[in-house]
Amino acid sequence: MIRLEIEDFLFHEAALLDAGRYAEWLDLLHEDFLYRVPVPLAREDPTQSPYDDVLEFANESKSFLEMRFRRISSDFAWAERPAAMVRHFVSNVRVIPQDEGDELEVHTNVLVTRARLPEQPVWATAGRRDRIVRHDGGFLLRERVVHLDAEVPTESQLGVIF
Amino acid sequence: MTITKAVPRSFYKDPAVLDRELTEIFGRNWLYVGHESEVPAVGDYVTRSMGGDPVIMARGQEGIRVMLNSCTHRGTQVCKVAHGNTTTFRCGYHGWVFGNDGELRGVPGRRALYGPDFDLSRLGLRQARVETRHGLVFATWDPDAPDLTAFLGDFGWYLDAFFGLFPGGMEVHGGIHRVNVRGNWKIHAENFSGDGYHLQVAHRTMFELGVMGDQAGTVEGFVVNDPSGHCLRSQYLADEGVPETVFGYEDHLLEPALAAADPEVRRFREKTTVIHGLVYPNLLLITTAPQYFGEDASGPVAFTQLRVLTPIDQHHHEVAYWSLVPRDASPEWKAKSYLYVTRQHGAASYFEADDLENFRRIDAGLGAVAGERTPYNYELGLDAAESGAPPWNGPGRITRQDFTEANQRTFVGRYLEQMGERA
Ligand code: FES
Ligand SMILES: [Fe+2]
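Heads up: the sequence lines are chains E and U, in that order.
For the first sequence, our numbering gives the first residue as 1, with consecutive numbering after it.
For the second sequence, our numbering gives the first residue as 1001, with consecutive numbering after it.
The set of hints was computed from the structure by calculation and includes no laboratory data.
Treat each hint with caution, since some may be false.
SDA-like mimics (lysine to any residue), calculated; alpha carbons at most 25 Å apart, straight line [claimed, not checked]: (1) Lys1013(U) <-> Arg116(E); (2) Lys1080(U) <-> Pro46(E); (3) Lys62(E) <-> Pro1331(U); (4) Lys1080(U) <-> Lys62(E); (5) Lys62(E) <-> Glu1208(U); (6) Lys1080(U) <-> Glu119(E); (7) Lys1005(U) <-> Pro1331(U); (8) Lys1080(U) <-> Glu44(E); (9) Lys1080(U) <-> Val1172(U); (10) Lys1334(U) <-> Leu41(E); (11) Lys1080(U) <-> Ser49(E); (12) Lys1080(U) <-> Thr47(E); (13) Lys1005(U) <-> Gly1396(U); (14) Lys1080(U) <-> Arg116(E); (15) Lys1013(U) <-> Glu119(E); (16) Lys1005(U) <-> Gly1420(U).
Okay, the calculated bits of chain U under chain E, using three or more residues with CB under 8 Å as the criterion [to be verified]: (17) 1080–1088; (18) 1179–1189; (19) 1199–1205; (20) 1284–1291; (21) 1338–1344.
Even glycine gets a Cβ: it sits at the ideal position worked out from N, Cα and C.
Build out the structure end to end from the sequences listed, making use of the hints.
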């Protein structure tokens, strides 16, 4: 069943992020991978999507993410010292059927907690829209759009990859 | 050695001080609210904050107004959303209706309940004084404040140089995004006013990763300030053979702009790696042209970012971020400039995190008894020798030295003066 396969993939991917195994996580990304967090804004019209077409909290390609992880190994990455404890809770996995092609659209809900000891943990919730492609008997992430449930998040809530 | 007075640490954690700031600082100065391009059509509005006061910036038939987002009946917010277009704001409590100019237009049951002589004209939404410069909309609650030109003083020249380079003007790309960060708002204001000293430590990884290109060459920085608290720092590539241009713009736009520019403005803008500063008390600005943010973002592209700091409480502030682009730039260039600003200075970027992390740590280090006995040190650059001559002739107090806290001393001095403390 495709959903179980996808869940295995997403749980593995989340576990790599939680464990800080970033090189292995990067291996799960398609070369054209893009990670986007559009800004949600309160709108007059409730039928309109709250996610802005232009404004983004984040827009990160695979090569930019490589820079992010290279930075973490520096002693001067102040915001990573001490490293945060991060946990992803991934649920409500839905595989949206596509008409053609071998690409899958996968919707999930996530709750992500982040703790930089000795501070108390903070958490954030979001919906994710992933595009996932089959590759070499497994999967690769092609795109992840994060629909954050906060218009004015804290910098700690923004300090994770969802 | 002159000992410079610091802001007492208690001013970073005392709620009574924050209350006084809201009155003396945010209630008296001109505050940046937004940009004209955010409300291009009649009826367009955005909701913002001026210190502790929620406001609506709206374009009515007669131009842009800034008014308190609070019903004159019982104070209910009349607008809850970030932006939109409307002719009226209807209060959700008893239904008073205000025009997009703030005038009270209707009161349910008016004749029967309030009588025939009830005068609506005195119950419009409270209006702030509004003035604009290069499309930047400033407002103040103080009827006795000097006009905006007088308020900006010598700094007006620098705002012109910063926002007026392109004859077609600048516009906001998209709108604003906001983040809630830990640390008193003054920490952030002071940092942007002219801290060239923190770059090589706080932002070292940015240079190590090649974001700013090789930058092996010599750089020379200068700081400028105005006694009314406005500050700026500009940094130049000083090596022979550096092209006389402003980096990171499209040629079709830049060449005519530079040809038409005042020669001193050109010398101020050309060869800069970064210009950043503070329009006192809480508007921050920066322009720079990074070179590399990954394979899909390589080659120099300029961005211009504005920020407004709004205290949430004494230990937290909200940062609102605007990205400005030349109105006549191509859509592709505008999108690229926005990508660069997001990757360097967006709220979620890991370079921005360097600064925000230090602000958190300042908050965590405030302490109490012993902390209060350990004032911050503002002596950097008091006795330092001057470095080279600035490339431009301009107004304001120009310090020929990059590693100096002249701007921080200016900010602190003006702040303490306005708070009624002797600087
Ligand atoms: S509070 Fe607005 S109508 Fe009563
Ligand atoms: Fe910084």
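Results of checking the hints against the structure:
1. For the given pair, Lys1013(U) sits about 22 Å from Arg116(E) by alpha-carbon distance, which is consistent with the 25 Å threshold.
2. Restraint check for Lys1080(U) and Pro46(E): satisfied, since their Cα atoms lie roughly 12 Å apart, inside the 25 Å limit.
3. With a C-alpha separation of about 24 Å, the suggested pairing of Lys62(E) with Pro1331(U) holds against the 25 Å cut-off.
4. Using a Cα cut-off of 25 Å, the hinted pair Lys1080(U) and Lys62(E) is violated, with the two alpha carbons roughly 37 Å apart.
5. Taking the CA atoms of Lys62(E) and Glu1208(U), the gap is near 19 Å; set against the 25 Å cutoff, the hint holds.
6. For the proposed pair Lys1080(U) and Glu119(E), the alpha carbon gap of about 32 Å is over 25 Å, so the pair is violated.
7. Straight-line distance between C-alpha atoms of Lys1005(U) and Pro1331(U) comes to about 49 Å, which puts the hinted pair past the 25 Å bound.
8. The straight-line distance between the Cα atoms of Lys1080(U) and Glu44(E) is roughly 8 Å, inside the 25 Å bound, and the hint therefore holds.
9. Pair hint Lys1080(U) plus Val1172(U) holds up; C-alpha atoms about 22 Å apart against a cutoff of 25 Å.
10. Simply put, Lys1334(U) and Leu41(E) have alpha-carbon atoms about 21 Å apart, close enough for the 25 Å limit, and the pair holds.
11. For the hint linking Lys1080(U) to Ser49(E), the alpha-carbon distance of about 16 Å falls within 25 Å, and the restraint holds.
12. The straight-line distance between the Cα atoms of Lys1080(U) and Thr47(E) is roughly 16 Å, inside the 25 Å bound, and the hint therefore holds.
13. Of the supplied pair hints, the one linking Lys1005(U) and Gly1396(U) holds, its CA atoms being roughly 22 Å apart against a limit of 25 Å.
14. With a CA separation close to 33 Å, the supplied pair Lys1080(U) and Arg116(E) exceeds the 25 Å bound.
15. With a C-alpha separation of about 18 Å, the suggested pairing of Lys1013(U) with Glu119(E) holds against the 25 Å cut-off.
16. A threshold of 25 Å between alpha carbons decides the hint, and for Lys1005(U) with Gly1420(U) the separation of about 14 Å falls inside it, so the pair holds.
17. With 6 residues bearing a CB less than 8 Å from a CB of chain E, the stretch 1080–1088 of chain U meets the requirement of three and the coverage assertion stands.
18. Taking a C-beta to C-beta cut-off of 8 Å, the stretch 1179–1189 of chain U contributes 4 residues in contact with chain E, enough for the three needed, and the coverage statement holds.
19. Requiring three or more residues with a Cβ within less than 8 Å of a Cβ of chain E, the coverage given for the stretch 1199–1205 of chain U holds, as 4 such residues are present.
20. Coverage of the stretch 1284–1291 of chain U by chain E is violated. Counting CB-CB distances below 8 Å, 0 residues qualify, and the rule asks for three or more.
21. Here's how the stretch 1338–1344 of chain U fares: 4 of its residues keep a CB closer than 8 Å to some CB of chain E, so the rule of at least three is met and the hint holds.
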